[in-house]
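Student: Below, each chain spelled out in residue letters.
2 protein chains.
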Amino acid sequence: METMETENIFANNPALLNAIQGRLGSLVGRPSGYIESLPPEVKRRIKALKNIQSEQLKYEKQYRAELAELEKKYLKIYEPLFEKRSSIVNGKVEPTDAECEREDSDMEQDAEEKPEVKKEEKPSADPVKGIPEFWLTCLKTNAVIAELITERDEEPLKALTDIQLQYLDDSDGFKLSFFFNENEYFTNKVLTKIYRLENTGDYGNIIDGKAEGCDINWNEGKNLTVTVETKKQRRKGTNQTRIIKRTIPAETFFSFFNPPVIPDNEALEMDEDEMQELDNKLEADYEVGEIIKDKIIPYAVDWFTGKALEFEEAEFDSDEYDGYDDEEEDDDDEDVDDTENAKGLNEPNAQAPECKQQ
Amino acid sequence: METMETENIFANNPALLNAIQGRLGSLVGRPSGYIESLPPEVKRRIKALKNIQSEQLKYEKQYRAELAELEKKYLKIYEPLFEKRSSIVNGKVEPTDAECEREDSDMEQDAEEKPEVKKEEKPSADPVKGIPEFWLTCLKTNAVIAELITERDEEPLKALTDIQLQYLDDSDGFKLSFFFNENEYFTNKVLTKIYRLENTGDYGNIIDGKAEGCDINWNEGKNLTVTVETKKQRRKGTNQTRIIKRTIPAETFFSFFNPPVIPDNEALEMDEDEMQELDNKLEADYEVGEIIKDKIIPYAVDWFTGKALEFEEAEFDSDEYDGYDDEEEDDDDEDVDDTENAKGLNEPNAQAPECKQQ
Chain A
1 METMETENIF
11 ANNPALLNAI
21 QGRLGSLVGR
31 PSGYIESLPP
41 EVKRRIKALK
51 NIQSEQLKYE
61 KQYRAELAEL
71 EKKYLKIYEP
81 LFEKRSSIVN
91 GKVEPTDAEC
101 EREDSDMEQD
111 AEEKPEVKKE
121 EKPSADPVKG
131 IPEFWLTCLK
141 TNAVIAELIT
151 ERDEEPLKAL
161 TDIQLQYLDD
171 SDGFKLSFFF
181 NENEYFTNKV
191 LTKIYRLENT
201 GDYGNIIDGK
211 AEGCDINWNE
221 GKNLTVTVET
231 KKQRRKGTNQ
241 TRIIKRTIPA
251 ETFFSFFNPP
261 VIPDNEALEM
271 DEDEMQELDN
281 KLEADYEVGE
291 IIKDKIIPYA
301 VDWFTGKALE
311 FEEAEFDSDE
321 YDGYDDEEED
331 DDDEDVDDTE
341 NAKGLNEPNA
351 QAPECKQQ
Chain B
1 METMETENIF
11 ANNPALLNAI
21 QGRLGSLVGR
31 PSGYIESLPP
41 EVKRRIKALK
51 NIQSEQLKYE
61 KQYRAELAEL
71 EKKYLKIYEP
81 LFEKRSSIVN
91 GKVEPTDAEC
101 EREDSDMEQD
111 AEEKPEVKKE
121 EKPSADPVKG
131 IPEFWLTCLK
141 TNAVIAELIT
151 ERDEEPLKAL
161 TDIQLQYLDD
171 SDGFKLSFFF
181 NENEYFTNKV
191 LTKIYRLENT
201 GDYGNIIDGK
211 AEGCDINWNE
221 GKNLTVTVET
231 KKQRRKGTNQ
241 TRIIKRTIPA
251 ETFFSFFNPP
261 VIPDNEALEM
271 DEDEMQELDN
281 KLEADYEVGE
291 IIKDKIIPYA
301 VDWFTGKALE
311 FEEAEFDSDE
321 YDGYDDEEED
331 DDDEDVDDTE
341 NAKGLNEPNA
351 QAPECKQQ
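Protein chains in written order, with the UniProt record's numbering: chain A, 1 to 358; chain B, 1 to 358.
Take the hints with a grain of salt, since some may be wrong.
The list cannot tell twin chains apart, which means a pair is met if one copy fits it or any two copies do.
Each computed DSBU-like pair below joins lysine-lysine, with the alpha-carbon atoms no more than 30 Å apart [said to hold, decoys possible]:
| hint | residue 1 | residue 2 |
| --- | --- | --- |
| 1 | K84 | K58 |
| 2 | K189 | K58 |
| 3 | K129 | K222 |
| 4 | K245 | K84 |
| 5 | K175 | K245 |
| 6 | K245 | K72 |
| 7 | K222 | K76 |
| 8 | K43 | K92 |
| 9 | K43 | K158 |
| 10 | K92 | K58 |
| 11 | K175 | K76 |
| 12 | K222 | K73 |
| 13 | K61 | K73 |
| 14 | K245 | K222 |
| 15 | K231 | K245 |
| 16 | K175 | K58 |
| 17 | K72 | K232 |
Calculated from the structure, these hints are not laboratory results.
Start from the sequences and build out the full structure, keeping to the hints where you can.
Tutor: As structure tokens, this is what we get:
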């Protein structure tokens, strides 16, 4: 299954691919010396195997199409449940007693909660609407996403009322929609991020074509993607000073809606470090999208309660295991390895016109 | 999708889970202080959300069952192609000229090969049968698996004629069968490895229940899982010496067929380091199984030619990117990060009765 998920960000950008293949040359060609040395009758057989592989990949495209149908079918089934969740979270609907009674006796992890269910707690004198800060809490519980959320981001993210997933009709890929209550930061009711995936049918790879963000209509002085730096400037000769304001790109979760862009061929002057940086940013951006799609949206309540962490930690991921010891000793360090990948995303865009790195 | 693949090795071993949760305590319970502090009407709504989640997980089980059906259906479609591949690899069938002519003009990566196809090469005077060392080459091209193959392993692995995948009928999971030509190392015609996966329906997790290996009937003196150490022992008082032979567990790819075992409750005296080591071994063992199932078997010819590496390197995997620079400077180091995970698998089993760590 992992292979089916394999992404190849280069394959639909031949220029970038070629440039990077220079770097990979020694690796990609590694066994080719052996192939070259084979007698012609063996080489001929390898060609036959390649043709068999091509035939197989045609069926794999069909498989992938059927898989996409299956995913769409189940998203349709989940959607009413997600809607109900959203109504409760946002205080539009109050669940009935029956809806609050746990029925699933097989969920042993929750056994210790059960006495609590019986306990009749009186509602507060001044009842709270819905479940406040639900989505902010979900996002902050995931170590990778938490790394992207600055203190300044928390206020607008409290206004986040829902995150919804849609599959694209016109191409492979998906769209994430972030719905917001009215807030003092921006006027958008919804912020969107689209990942267009393309299937090469080669080595079973899905290609991450592009990520498309959206413009955020920030209110005056509320733009979290920049900070304003004020500087005194002294006039030569005279003692007159003036205040210069300069906007500097700032770290914010909201740069998720301004994803990194794979440059056109003209930009091939990028050096290796720049390419590496772009790779990292593209990766990180896709990783965050995938976490929101596959983990946060379907299991939001488990993120809210923290239950999801239990399974996260037990995941087959060596990085997370490597991080264990450090986590125990220093809470601030937790999931360092896991989040490393996503850091590129939160770096201020060095190419912004107002930008001057200090 | 990633979530669907999430494995939880603990969840069906409550003893191990509990023991490990002690370690995780601070993390798993992290947001629970917040939940506790919520007013009762909000806690009530969270219970409703948990019930919605439970309902959703029931559908998710259905999804997973349909997905398994889909995978089985396509494996059936691929099987005749795999069989044809095997016949050519093992020299049972000679492909026709038509079968060797590349038809897929859209596969640009192979463009440079095309002139070669036209070139009529004369068969060798002493024609070679099939494609020698096909599967050994495939396995060695994958960085994770290459790490497990010792020099001593190469000889028996040259006798590997096919690797086949089956899905289990009686439970979730899959079986890998390694077919061997007659060889001087062991008498088995086929070595098998079974991964039984179990679905808890909790947080969408699939559980890696157990891996089952198989006994290898090693020929006398050919057992690659041990090395024999001879030691002189001097008798006290007299000057008599005798030769003591001791078998020591040895690193070998074939320990893949003797997977790590999650101990029963009695073994709860394991300390943290031992648990960590077991985790790593279980992870590594599963990772190798998954690579063989998802990467090696379906794309064997791409591994044989080295083409698969192109896509591997371009994968969205931060570890591999992190490794780039090192790879360039030192070929021996390549994919260090990638293989780290699998190393535990190849460590000699410290609990073998004859074992004495030096």
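Student: Work down the list of hints and note, for each, if the structure agrees.
Tutor: Now the hints, each set against the structure:
1. Proximity of K84 to K58 under the C-alpha cut-off of 30 Å is restricted to the inter-copy arrangement: shortest distance 16 Å between copies versus 40 Å within a copy.
2. Taking CA atoms no more than 30 Å apart as the test, K189 paired with K58 passes in neither setting, with 42 Å inside one copy and 33 Å between copies.
3. Taking the closest pair of Cα atoms, K129 and K222 come within 30 Å of each other only inside a single copy of the chain (26 Å); across copies the shortest separation is 72 Å, beyond that limit.
4. For a Cα distance limit of 30 Å, the shortest separation of K245 from K84 qualifies neither inside one copy, at 47 Å, nor across copies, at 70 Å.
5. Taking CA atoms no more than 30 Å apart as the test, K175 paired with K245 passes in neither setting, with 37 Å inside one copy and 66 Å between copies.
6. Taking the shortest Cα distances, K245 and K72 never come within 30 Å of each other, neither inside one copy (49 Å) nor across copies (63 Å).
7. In this assembly of identical chains, the alpha carbons of K222 and K76 never lie at most 30 Å apart, being 37 Å within a copy and 58 Å across copies at closest.
8. Taking CA atoms no more than 30 Å apart as the test, K43 paired with K92 passes between copies only; the shortest distance there is 16 Å, against 68 Å inside one copy.
9. In this homomeric assembly, K43 and K158 come within 30 Å of each other (Cα to Cα) only across copies, at 18 Å, whereas the closest approach inside a single copy is 62 Å.
10. In this assembly of identical chains, K92 and K58 lie within 30 Å of each other by CA distance solely across copies; the values are 25 Å between and 48 Å within a copy.
11. Only within a single protomer do K175 and K76 lie at most 30 Å apart by alpha-carbon distance; the minimum there is 15 Å, versus 33 Å between protomers.
12. For a Cα distance limit of 30 Å, the shortest separation of K222 from K73 qualifies neither inside one copy, at 40 Å, nor across copies, at 54 Å.
13. Both within a single protomer and between protomers do K61 and K73 lie at most 30 Å apart by alpha-carbon distance, with minima of 18 Å and 14 Å respectively.
14. Taking identical chains as interchangeable, the C-alpha atoms of K245 and K222 lie at most 30 Å apart only when both belong to the same chain, with a minimum of 15 Å there against 77 Å between chains.
15. Taking the shortest alpha-carbon separations for K231 and K245, only the intra-copy value of 6 Å comes in at or below 30 Å, while the best inter-copy value is 80 Å.
16. Both within a single protomer and between protomers do K175 and K58 lie at most 30 Å apart by alpha-carbon distance, with minima of 26 Å and 25 Å respectively.
17. Proximity of K72 to K232 under the C-alpha cut-off of 30 Å is found in neither arrangement, the shortest distances being 57 Å within a copy and 70 Å between copies.
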